[in-house]
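K.L.:
Whenever a hint applies, use it, and build me the whole structure from the sequences.
There are 2 protein chains.
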Amino acid sequence: MKELKLGLLGLGTVGGGVLTLLARNGEAIARRAGRPVRVVAAAVRDVSKPRPGAEGVHLSEDIDAVIDHPDVDVVLELMGGTDAARDAVERALRAGKPVVTANKALIALHGQALFDLASEAGTTLSYEAAVAGGIPLIKALREGLAANRVHSIAGIINGTCNYILTEMSQTGAAFEDVLAEAQRLGYAEADPTFDVGGIDAAHKLTILASIAFGIPLSFDKVTTDGIGSVTAEDLAYARELGYRIKPLAIARRQEQGVELRVHPTLVPEKDLLANVNGVLNAVVVRADAASPTGYFGPGAGAEATASAVLADVVDLARRSTGTDMPALGQATDASDALAPLAIDEAVCAHYLRLRVADTPGVLKSISGVLAEHAISIEAIVQKELQTPGGTTTVIILTQPVPERVAVAACEQMAALPAISDSIHRIRVEHFDD
Amino acid sequence: MKELKLGLLGLGTVGGGVLTLLARNGEAIARRAGRPVRVVAAAVRDVSKPRPGAEGVHLSEDIDAVIDHPDVDVVLELMGGTDAARDAVERALRAGKPVVTANKALIALHGQALFDLASEAGTTLSYEAAVAGGIPLIKALREGLAANRVHSIAGIINGTCNYILTEMSQTGAAFEDVLAEAQRLGYAEADPTFDVGGIDAAHKLTILASIAFGIPLSFDKVTTDGIGSVTAEDLAYARELGYRIKPLAIARRQEQGVELRVHPTLVPEKDLLANVNGVLNAVVVRADAASPTGYFGPGAGAEATASAVLADVVDLARRSTGTDMPALGQATDASDALAPLAIDEAVCAHYLRLRVADTPGVLKSISGVLAEHAISIEAIVQKELQTPGGTTTVIILTQPVPERVAVAACEQMAALPAISDSIHRIRVEHFDD
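Just so you know, the protein sequences line up as chains A and B, in that order. The opening position of the first sequence corresponds to residue 1 in the UniProt record's numbering, with each subsequent residue numbered one higher. The opening position of the second sequence corresponds to residue 1 in the UniProt record's numbering, with each subsequent residue numbered one higher.
With a straight-line cut-off of 30 Å between C-alpha atoms, the simulated DSBU-like cross-links for lysine-lysine are:
| # | chain 1 | residue 1 | chain 2 | residue 2 |
| --- | --- | --- | --- | --- |
| 1 | A | K49 | A | K5 |
| 2 | B | K383 | B | K364 |
| 3 | A | K97 | A | K49 |
| 4 | A | K270 | B | K383 |
| 5 | B | K270 | A | K383 |
| 6 | A | K97 | A | K5 |
| 7 | B | K270 | A | K270 |
| 8 | B | K49 | B | K5 |
| 9 | A | K383 | A | K364 |
| 10 | B | K2 | A | K97 |
By construction, these hints were calculated from the structure, which means they are not laboratory data.
P.N.:
Laid out in structure tokens, this is it:
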């Protein structure tokens, strides 16, 4: 099948991520897209700068030359800003080339004109990466919930703000100090106004509300309060009252219209949004049929954003060939062939509950068996509580081991004279994010 | 644009949900699908039974008659079971009609042959509703994460098991008692084996793993432990050690293959999956680019499942016309026109932090102002801590009121002689699920 050829406007963080993912996962992407996908040209500020990974990509300092390049089927606008980006997107759409963008400000401020232009030119403008980075949220809202009437959207869609409020809440530090630390760690820009002032979240909310409620893009109608006024004192009082303060963007249907607001918000501590910390994004959608549904994940980052950009590209590729995704279980290419594993080879930690005779040396013999199988102990609890017959309960948490090792050790322990009853085993998972 | 006409096999819970949603949200669905969608025929067990909402639908007790009905463009298999359902789906696919199904057992056990048949016949078999009900999880995994190499999937994909373990954990009750209660409430079937034995979750995991790893549908390779062996004692010990026990389905890539397992699992209490309670489903996907991403929502229910079925139908409608979704902000039909609201009209609760003179009667004058504006108080905290000048801090949580009411009350309070400093106000949201 004919290659789909991409022209990149900008080869910074996200553009680099697109090259990385195509290099690493190109075969799987081609299988899902129904055709190979390749970057053929990229517009950059300085062609003389060495760019590892961009070998074979035609580099140019002329944006128009990339857009007009006869080989370029799809234009990826990854330059940011709204002026030059708008000109470039308009030029590409007029040429009938589909555009994929990660630029939330461009869509929030100029989307209406650009979508009209795309429609006139018989092409499309895609923007999955513009909101919530690597979370396929736009797709969920546009397509997954297509049969629903949405009541509200509430989410944490600015990672910088969530990081700052999380740190302030957990350490008691002041806003200015945490902001400085976030800048040092690269979680906040040198000029943080867009993030901490709520403008970035307002751009994203503008886009989400337009999809969910069919209203025009209304950035200037969003009430936008930054997080700078939240004090360590407020975070402590909120906690005392059973709340957390989270940076929320909210769009809610009322009878007469839609509330649009971005502001720090007290949320009950049991609420899932109250438990989304650090730079993670999360959005909860309430609707009339499937409700609530929630989506969380990384809101930024080179590969997370490139993942969303390439999801749009794969959709375009399939739409252009009219093909469906590969069917379930369709064989992967040989280099990536995987088989279901027997449970013996599964690796996880284990919780063991044993009933043991309450005699000296019993713990020693149990730990001896575990040591013999090279199983490390994460925690061990012996309950005082005596059960009939002079037995007591011992709980052991192990480090991760292959299932067959855990099974063999349990069998050996069960044969110890001090162990009455069978050993009760439950698997333990630590997901390392 | 030409109507897309649906033939339903089965008009029970999910079929009824499809009729309800099309009746309620038909205009929005047509806008998103690019053409009107209508149920024209349905196969039922007893045509004489009264079926409100099915007026105008051709009812028949003959499944084949519905499949072969010349008006039926798309067949929705909503009968359940695997024998008759398989025959029906095969017949529809052979006739070249696209099929949408909510039947996880059918896909997990016979999917391979059915997808091959669909492919030969040049048509498609869609199954968004087969896993995690109303959560658009299949779409996220197939399309949203198309550029990713998936490392693992871990999720709560059986609401009955999650309800039972949540209740056991929170009340200390025994498995049998909570199961009986779940049966009484309709959260568990009369014969609960499929759910509590992990078979239902194994069907779903089979489907998810095939999409994520490109492996064949391998239901017989899934290690499946039910939740019946978990005791109240285990739940208490787990909690003591900082864990919760959740009913997880896990598929994880290793170098040699894929682990496939369904079992009760200890999860650290801070983990998001540990905090998904009751009948909610939730799935976390770890991958190389966008990671982790998580998805939660209702795993069952008439309208939630119908929402997923109709999302597949909307995708089919758009694929058949080759059209994109409506652009952002595209005007809704007049009956549903919404405008962005001014913040004055937004309704929420408020957190107020006031610095007040530590004199008798000050709380009375504050509550007097709130009463005057008909603002109810949810909580009030006066801190002992004295600040310079004999002032003290008062925190008030209000009940929800329109923003303009809160603003007016704050202005009036700020003018009280006892109030030094401005009033600090943060909005509070209680999401009522």
